[in-house]
Amino acid sequence: MTVVIIFLLLFTGLSLKVRPDNKNILSQIESLETKLASIKNASPDIPKEELDKAQKWTEDAKNYLPEGSEESTAFKKANYQIEFLSTLLEESRSKKKADELEQLIEKIRIQTEEITDTNAKVIEEIERLEPQ
Amino acid sequence: MRIFFLSAYIATVIACASNNLPPTGDFAVSYSLIENAEIGGGEIYAPDLMQQAKSFYDLAEAEFTAGNYEESESLRQVSEIIAKTVISISRKKIYEDEIERLRSEINEANSIKRKREAELRENILKLGQIKDRIVISQEIMHSSALDKLEEATQKIKAAEALSAEYLSPQLLNDTNENYKAAEEYLNKGENEKSIERSQKSISIAERAIEESKKKLELTNEIQKRLSSIYGTRVENIKGVIKVTFQGLFAPSSSNILYDAYPSLDAFAGVLSQYPALKTTIQANPDHLENQDKNIGLSVKRVEAVTVYLVSKGISTERLRTGSAVINESPADTIGDRRIEFFVTFDNPENIQQINYTPQGSN
Chain A
8 MTVVIIFLLL FTGLSLKVRP DNKNILSQIE SLETKLASIK NASPDIPKEE
58 LDKAQKWTED AKNYLPEGSE ESTAFKKANY QIEFLSTLLE ESRSKKKADE
108 LEQLIEKIRI QTEEITDTNA KVIEEIERLE PQ
Chain B
58 MRIFFLSAYI ATVIACASNN LPPTGDFAVS YSLIENAEIG GGEIYAPDLM
108 QQAKSFYDLA EAEFTAGNYE ESESLRQVSE IIAKTVISIS RKKIYEDEIE
158 RLRSEINEAN SIKRKREAEL RENILKLGQI KDRIVISQEI MHSSALDKLE
208 EATQKIKAAE ALSAEYLSPQ LLNDTNENYK AAEEYLNKGE NEKSIERSQK
258 SISIAERAIE ESKKKLELTN EIQKRLSSIY GTRVENIKGV IKVTFQGLFA
308 PSSSNILYDA YPSLDAFAGV LSQYPALKTT IQANPDHLEN QDKNIGLSVK
358 RVEAVTVYLV SKGISTERLR TGSAVINESP ADTIGDRRIE FFVTFDNPEN
408 IQQINYTPQG SN
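Top line first, the protein sequences correspond to chains A and B. Just so we're on the same page, the working numbering is the position in the first sequence counted from 1, plus 7. Just so we're on the same page, the working numbering is the position in the second sequence counted from 1, plus 57.
Derived by calculation from the structure, the hints in this document are not laboratory data. For every residue, glycine included, the Cβ atom is placed at its ideal position computed from N, Cα and C. A couple of the hints might just be wrong.
As the list claims (entries may be wrong) - For lysine to aspartate or glutamate, the following EDC-like pairs were computed, each having C-alpha atoms within a straight-line distance of at most 20 Å:
(1) B:Lys-150 x B:Asp-105
(2) A:Lys-83 x B:Asp-105
(3) B:Lys-111 x A:Glu-56
As the list claims (entries may be wrong) - Covered by chain B, according to a simulated footprint, are these stretches of chain A (three or more residues, beta-carbon under 8 Å):
(4) 82 to 92
(5) 97 to 107
(6) 119 to 131
Stated by the list, open to error - Counterexamples of contact, computed for chain A against chain B with all Cβ distances above 10 Å:
(7) Lys-30
(8) Ile-32
(9) Ser-34
(10) Gln-35
(11) Glu-37
(12) Lys-42
(13) Ile-46
Looking at chain B on its own, in the form it has when it is part of the complex (with noise of 0.2 Å):
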């Protein structure tokens, strides 16, 4: 046809030019518009109207043929309108088929969607569960630091009202540190750790008390012991047990004399008996006028007294020698010779720290 077309096209262009004729270069872009339409698939969504277009168009051709040149352009016009039809119509149906394909992806795409949309809304709701429990968990929690936080006031006020002197101080400052860190926890929302520091500064409130209380018992236990050795007499000035022994020496000797020995030997068994007990020991001795030897002696009679002591298996590491007491007047040898213990469960340190103004000085 193209080749009828191309020969029938040269051998009329002279005539064409010269009679006015319909240009035959349009029979051409005709031509392939149907061949374009049928490409696209117009014998599968058009067929009739692909048909028509071939038809006006081989009419168009044998018009042509026949000289009938106007008849000729319109029915190749019809022909090209109906082939450009049939190109849309085609398009049409991709555009269509594309559309289906498109609705069909929509749907498996909502379709994911709202299945993620249903995921989120339900890990919404966890996590506004989750976050519901926490309040109500940290509530909880406050409260709880609150009542520990109470509770440890209350058993460091039960520490502190018992006797200060049987009161660990170590024990009580570890104790009130506890405490301020519990309520600087507290104030920072920390409930957690407000409510383990209130824990611990209960737990060594009640550790405290109860090391003072035993300390107390046993401090009364010993009191009564010792207040059962001949010779002495035995006070306890705030904790701390004094022993005072009389007699001891000779005047201006430090020789233990024999009848105190029993004393002493009581007084040593009761150290035995208590291995936690430490004493300071301290000697009052004569009234001399030589203030040098009045010291010396007293240091002797202290050595004499620890030297037996030891003698009776007492560790010197229990044992600690106390400052000589000076007496300055006549008046003051009253009760000379006396030798004092000073026992205390603590470091005989704190002997040093006890406002006691002994028997006999100003």
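One chain only, chain A, in its complex shape (with noise of 0.2 Å):
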């Protein structure tokens, strides 16, 4: 009987361990964990505090993991963090590269002009040369 009982209580407590919803989250922090790896790596502009509460919440997010209600909590935050990092990361790109096109237009105007002026400069020239 109670060798039963301990069988009975081993499975119980290997199946809390193991419970197939808990490998599924933890897959899926471990996808978090990368993800906030590679903005940290992809972009310095992002703000070290944001970085620092995403890694906060993804560690009690996996220290919380067998718990059940803290680690929806938890996994949510962290999760939404990053979504809002990512989000961050994209605008940052998409800021830098306005910015880009907006030197690149200035470029093109400068060109332009530089470009207007020789005409001129080779129009006077034709017309002293070969005036109508």
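Hints are included, so try docking the two chains, each in its own frame, into the full complex.
Okay, structure coming up:
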């Protein structure tokens, strides 16, 4: 009887420890960690405090994994925070792109002005050499 | 919602302080963020997330009211994160719109630039062609200038080759001056001016040649006519026609002999026929002991001839008195009483430049 009870307890413990839901969440947390690492590496413009929050909530999610209610809140926060960081990264990239294009258009305009000035000089030279 | 929050906030401040509850001031921040997300276009750019943010905020408020402060704080944080995400998405959309606008402007600017580049290329090509034409034109011009200068050289040589006494010194001088100027312009690369001066030099040289030839022909013709006058001896001394009349006067007299009038008339006729002719009259008197008398007689004879020629219609402006020739020995009396006329087309002053030793003098 005792043996049966021990087996039942062990079975129940093991079942709780490796629940398919937990496995799935763990895998998602790992995915979040990977995302966070790549965001950290991608842009120095992301505020550090926001990165720290994401880091903390990801670790909390891992730590609270066996406990049920806490895990879902920490995971949610980490998930939303990393999504927020991804958006910030995209925003930063868009801003950078817009700045680059702004510089590019300025460069094109300057070049066009230079070309126009050079052309005016060439026309002046033509008129000097071959007056109408 | 805000009124509710503020009421709740006031009501729970004391409890929060004593029971270590989450600070309700953070709700205001979250609410403000949601409002900002909405104002920034969250409903347009990320409507689902906007809805989520509001839902989480409402849940957070509900949990707060229920006294579940920790759950409330977590939900509030989630709503805040979502609101910030929405704000970021909205900003990203604005940047994307800006990128779109800039790309359109870049296309337009590039189009203008390409157009200007094409114009510039076309004009540079045109300028190159003009410069090439100028170089060719300058080479042709230089060659023409050289040819003209050579032509001028030949003309000047041709003019100089003619009998010098018939060539106008003034014209020769002018042609040489123009030639020098043409050379200088050529050396300076001013080909057009060089050609102009060469052409001028050629024209003057041609005129000099023409005039010289005419003068030669005319001189020959006049010389021939004068030679046919009775009692004259005609010589051509460097372009000046010397006509010597003898036996015009009786010894020691300044009265023209009757027999001499036909010859003088014929001479006056030649002068009348050629109005451009001028003459210098010079008398060679008798050999007398008294030199003063000798000179006086000579002057009187020149005057007599002058008066006669004037009476025949010859203008005094065309007649000039030459210096008297003094005979110094009896041998010099040979040919005495002769009258000499130096006929020329030029100014009679030119006669003084002729290296001529009158016959009978030393």
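Violated constraints from the hint list, given by number and in increasing order: 3
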